[in-house]
Amino acid sequence: MAPVTEFVFSTLKAGASADSLYPIFATLKSQPGNQGLRASTTAEDPSQIRLLIDWDAISSHQAFRSTDGYKSYLTSLAPHVAAPAKIFHAELSPFPPTVLDKSPVTEILVTYFAPTADEAKNLAAAQALAAKLTGASAGSTGLSAVGWSVEKDVEYKGEAARALAVLLGWESVEAHQKARETDAYKAVIGEFQGAAEGLKGFEIEHVSAKVL
1211 MAPVTEFVFS
1221 TLKAGASADS
1231 LYPIFATLKS
1241 QPGNQGLRAS
1251 TTAEDPSQIR
1261 LLIDWDAISS
1271 HQAFRSTDGY
1281 KSYLTSLAPH
1291 VAAPAKIFHA
1301 ELSPFPPTVL
1311 DKSPVTEILV
1321 TYFAPTADEA
1331 KNLAAAQALA
1341 AKLTGASAGS
1351 TGLSAVGWSV
1361 EKDVEYKGEA
1371 ARALAVLLGW
1381 ESVEAHQKAR
1391 ETDAYKAVIG
1401 EFQGAAEGLK
1411 GFEIEHVSAK
1421 VL
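Each residue of the sequence shown is one higher than the last, beginning at 1211 in the working numbering.
Please keep in mind that the hints were generated in silico from the structure rather than gathered at the bench. Be aware that a few hints might be false.
Below are the DSSO-like pairs computed for lysine-lysine, each with C-alpha atoms no more than 27 Å apart in a straight line [stated by the list, open to error]:
1) Lys1239 / Lys1223
2) Lys1312 / Lys1281
3) Lys1312 / Lys1410
4) Lys1312 / Lys1367
5) Lys1396 / Lys1239
6) Lys1410 / Lys1420
DEER-style ranges, computed between Cβ atoms [stated by the list, open to error]:
7) Ala1346 / Pro1256: 26 to 36 Å
8) Tyr1232 / Ile1297: 12 to 22 Å
9) Pro1325 / Ser1230: 14 to 24 Å
10) Pro1289 / Lys1312: 15 to 25 Å
Glycine is no exception: its CB is placed at the ideal position from the N, C-alpha and C atoms.
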């Protein structure tokens, strides 16, 4: 089975801090099959926290979820985060997604497609998007990672969808915002939207990932 990166989208409870969660997250490093993890609040909303966990295979995460250790982990999280979290696993390339480790800021662009959408065609479109934006945009770190979710029932606006994740490295949030104003950037986005089939919508946020 292919390695995966687990995406966990959580909301901090009022009064909770990300720093209080990092030691809890770090306990996952000892689980069989874990190959690394990173966490960050989003630049857009400090109450939103993201955890990205590398596994050697989705089966390793599934095995962990059947253990008493997983129940203890959830119990430790409960005072700090609202439930339920949104979770999916993506087969990112390259793996591991070093864009998260080597970029001051990583844009997390999650595009949502109909579950039956053309996998190969839309993946190629997303890969072209990442290559063009990282290759030609001022302020880009030149790093990216792209991949489909294993799941085809990721919730998006009340409907089941398949997520295609695109991670793009930037020197800062401001650098990305400045790049978005250029005609070249807008042209690349237009090309992707024209090539994508079955696109339901997308979500964008920025993180400064902390390796745990």
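Here is what the structure says about each hint:
1. Lys1239 / Lys1223: 24 Å, holds
2. Lys1312 / Lys1281: Roughly 33 Å separates the two Cα atoms, so the pair is violated.
3. Lys1312 / Lys1410: Violated, at roughly 31 Å.
4. Lys1312 / Lys1367: Roughly 32 Å between the alpha carbons, so the hint for Lys1312 and Lys1367 is violated.
5. Lys1396 / Lys1239: 40 Å, violated
6. Lys1410 / Lys1420: 31 Å, violated
7. Ala1346 / Pro1256: 26 to 36 Å: Holds: the Cβ-Cβ distance is about 31 Å, inside 26 to 36 Å.
8. Tyr1232 / Ile1297: 12 to 22 Å: 19 Å, holds
9. Pro1325 / Ser1230: 14 to 24 Å: The hint (14 to 24 Å, Cβ to Cβ) is violated, given that Pro1325 and Ser1230 are roughly 37 Å apart.
10. Pro1289 / Lys1312: 15 to 25 Å: With a Cβ separation near 33 Å, Pro1289 and Lys1312 fall outside 15 to 25 Å, so the hint is violated.
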